[in-house]
Amino acid sequence: MNTRNQILNRIKFAYLGIVIFSLAIVLRILFLQFFEKQQWYDKQNQISEREITIEANRGDIYADDNRLLASSVPFYELRMDLKTDGLTEKIFDENIDSLAYYLSDLFKDKTKTQYKDDLIKARLKGNRYKLIRRKATFIQLKALKTFPIFNRGKYKGGLIIRQENIRIQPFGNLASRTIGRYKKGRNIVGVEGAYDAELRGTKGIQLMQKLSGGIWMPVRGGTTIEAIDGNDVITTINVNIQDVAESALFKQLIKHDAHHGTAVVMEVKTGEIKAIANLKRTINGNYKEYYNYAIGESAEPGSTFKLASLIIALEDGNIKLSDTVDTKNGEIEYYGQSMKDSHDGGYGKITVQEVFEKSSNVGVSKIITDNYKSNPSRFVDRLYQMNLNEKLGVEFRGEGAPKIIDPTDTLWSGLTLPWMSIGYSVQITPLQTLAFYNAIANNGRMVKPKFVKELRYRGETVKRFDTEILNPSICSKQTIESAKEMLLGVVERGTATNLKNKNYKIAGKTGTTQLANKSSGYGQNSTRTYQASFVGYFPADDPQYTCIIVVNNPSSGVYYGNLVAGPVFKEIADKIYASSFNIGKIDNTENLLADAIPYSRSGYKDDITYVLNDLNISKIGTSSKWINTQKLDTVVKYFNNRMVKGITPNVRGMGLRDAIFLLENRGFEVTIIGKGVVKYQSVSAGEKYNKGDKIILKLI
Amino acid sequence: MVSLLAVYSSTGTLAYKYQGGNIVYYLFKHGSTLIFGLIITFIVHLIPYRLYFGVSQILIFISVPLLALTLLMGTNLNEASRWITIPGIGMSFQTSDLAKFALILYIARYLSFKNKNDLIKDFRYGFQPILIWIIIICGLIFPANFSTSAILFITSMSLLLFGRAKIFHLLSVLGVGIAFVIIIILAAPHISDWGRIGTMASRIESFVGSNKGKEENPVDNFQVDQAKIAIVTGGFFGKGPGNSSQRNFLPHPYSDFIYAIIIEEYGVFGAIMIILAYLVLLYRAFLIVSYSKSMFAAYLAIGLSFSLVFQALINMGVAVNILPVTGQTLPLVSMGGTSIFFTSAALGIIINVSKDNSKEKKSKDKEEDVIEA
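Those protein sequences? They're chains A and B, same order as listed. Residue 693 in the working numbering sits at position 693 of the first sequence, with consecutive numbering throughout. Residue 59 in the working numbering sits at position 59 of the second sequence, with consecutive numbering throughout.
Simulated from the structure, these hints should not be mistaken for laboratory data.
Sample of chain A residues facing chain B (criterion: CB under 10 Å; computed from the structure):
#1 Lys12
#2 Tyr15
#3 Gln33
Pairs of lysine-lysine residues, derived as BS3-like cross-links and limited to a Cα-Cα distance of at most 27 Å, are as follows:
#4 A:Lys391 to A:Lys403
#5 B:Lys166 to A:Lys12
#6 A:Lys125 to A:Lys108
#7 A:Lys12 to B:Lys355
Quick reminder that beta carbons are idealized off the backbone N, C-alpha and C, glycines included.
Model the full assembly from the supplied sequences, consistent with the hints where possible.
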């Protein structure tokens, strides 16, 4: 058909055109590949990408009650490009005076003239990276941005900002060795080090590309890997107990001018470390946390080790508490070496219970040598069975290893057994001694000291750490009872009667060790180094906490465990006992009823009204959606808390929930320090804000 | 058609790899779009094409007010108001896609009965009425989307050419059209606040400029340069699937410049395969025309496939920088919501026509029928 042919011919014609165009495309590709190859390869290398890492926010470290122990706070390094394009001679000259004035006024570290001279000099030198301030706060940065020249923006004003996160510890030095100090690129100790992998988070990657003009721009199209913030670590540390432990230890160290000391409080059932203080004398006579003695220092424990010895003898059925031992005149000789009791003249014939209460070296060594001289391995094996020769396996680096030699060791001699029985010739860390005593308090079950309870990510629990059992039963029930009786006797009638009080009972053991001096051994009159310790638990009838105090080298002339270490123990125990509802049922209700009107916060009106209605408290005043309140004699007065769009709201006096709701709804990035009621907000109410601005709230 | 579907899904699969971080999200999104597209193709291919004879009239009457509406209040994506949000569903779609579709259907219908007694050769009664529709629709698309309007205009002209319109008429209309565009471009600096004219003019300028070695518009040149790097580094056999590095630099690697990425990953070889696939599609349409008894069917098939292939060539031409930057997607390969649905519908219609043809000539091509179904 003619028509059809005409149509087909026309289509063929168009098809030909299409084919030609297709060929052109292919030829073009080939042309580019063969003739412009070098040019574009060069270009590829020239316009290059660069990957920058986005630091993840490091997780926070919290105390057991969620109080912040360590957190990262942004600081800003501020520099100035004095040769930036937009900064002309005219602008600089006109504004340098006022800029210098404002800078001096803000930082107060240099005078206006100094700032001015500095900047003019830097500009003459052509400095494009002049340091203005190394650690400026967010608030300072915000103020700085409004200053002349800087308010002209990045390119015209030349302000270069680099954010840096700095680790802060809201409680200062508190438990700082155990929390650890995070510093980039250093070996980190404590929780910061042990949980670094958790705290660190995952770095993000942002691909940047260079545009003409040397500007780096983030590449669009999903190439960014988001940084994942680190997990928060919730420790077992209790700020209140830690505070008491530290201050009590500190007082005692000062009093006795000791070299160093440690105090650790452990919860009996869970093994949670509630406080761990390590203080060492500094050159100028102050005390600071330098080394984690509790975990790292393996030393001869002295008398506190006698408990282990007697437990073995009891467990093997060799003695009963009521058996008598002749300690004679307080002196005994083993292979020509004399061992003395601290009490001159000796105690004569006393019971096993009294041997322990009075901490008689002669008595204990006699019991052990009498029963194990022929088979010392039996004794050592028993010690091993009670995990005393093993590290506890705490997560921190540098745990000291215990050292208990066995009879096959070349260092073993006839002297070893008697001296080992009273805590010499063995080495053990304070934390290991504590764990052993805790096992007694915990009816034979030995648990591993726990420093971290859980890991959280944005408030959600990621991992919970269970209590780890090291030894389900270190000895028989009967032996435990005997051990407890002996420990209680020490405080009731023995070497630590100074700890006795009418409110609650303490059970424990003193230790006074004469440390081997590296140069002169246990020299008679040469420099004697003592270590005073006390380890025990309370309340004796229902043990809740175990605690160890070790004071090294008290140099005031007093060195007995009960006098040097005991008071620290007592102060900690008193404080815990007084403040803990579990232990001491202190009647607080009177105080609560003293105020007829409860303290009320600012916040969401409906919520506050609901609570006040429930309490039958009348309220007066206007009622916007958000209110501030004031307590009058019998009523609560409402005030308007006006919320204006684009203006920072006043959240002071509010609880955290209301404050966060208001601020995050407005796009703030909120950082919180402390707990309770908002006392301070870093961006003042009434200021204008932008979405994504950071605000720090301090709660008290 | 089968081969085309293969390209469709295989290169489509590669498209979401370009999304780096959010692979799963884009995979899922694009994957479901593709599946939905396939479903549309399948459903449409069941509908007898004769139905569109009537529908085309309705569609064109709907699309004109829709276009006007879009122009006035459409969603601003990249400052071009091309999108309109369907109330209720909350899905936005490009009205020009619908209009394009409607116009092609309408022209096919128009030609099929005007051709009976060579009426089309008459300017007043044959040529002018359809020209008015073309000008209205292209004119409405023009301010927001120059390239789509131009492509549609040329596609329509080609259709009229196939419809045995007088070459003289066509050439003179084309001449007027080109003159109009040139005037607009020259006037652009003075009326640049009007719609997309500014972008349009600067793109053309930068195209001309870059060929002269000047850098007029850093952003557009950046795209083109990155595309060229992708093409050059691709070599003959490419870097292999998923190995593109330029995708990180090319804005919209998954739509506008996907062809450059395909060359980078599959080399010249892959590039030729893609072109061949489109040529085969067009050839199939050509066969339909030569066998078809129904004039409407013939124009329908050639119109739809021509517009599809034409758009594809424009996209490829942009990617290899023989044409200035446009926003045209590569049909069936690029990612992008509604355009895929309309393309799928177009494919469905072509398949239906082809199926119908082969039914009529039962003796021949039985296997193909099976394949196409």
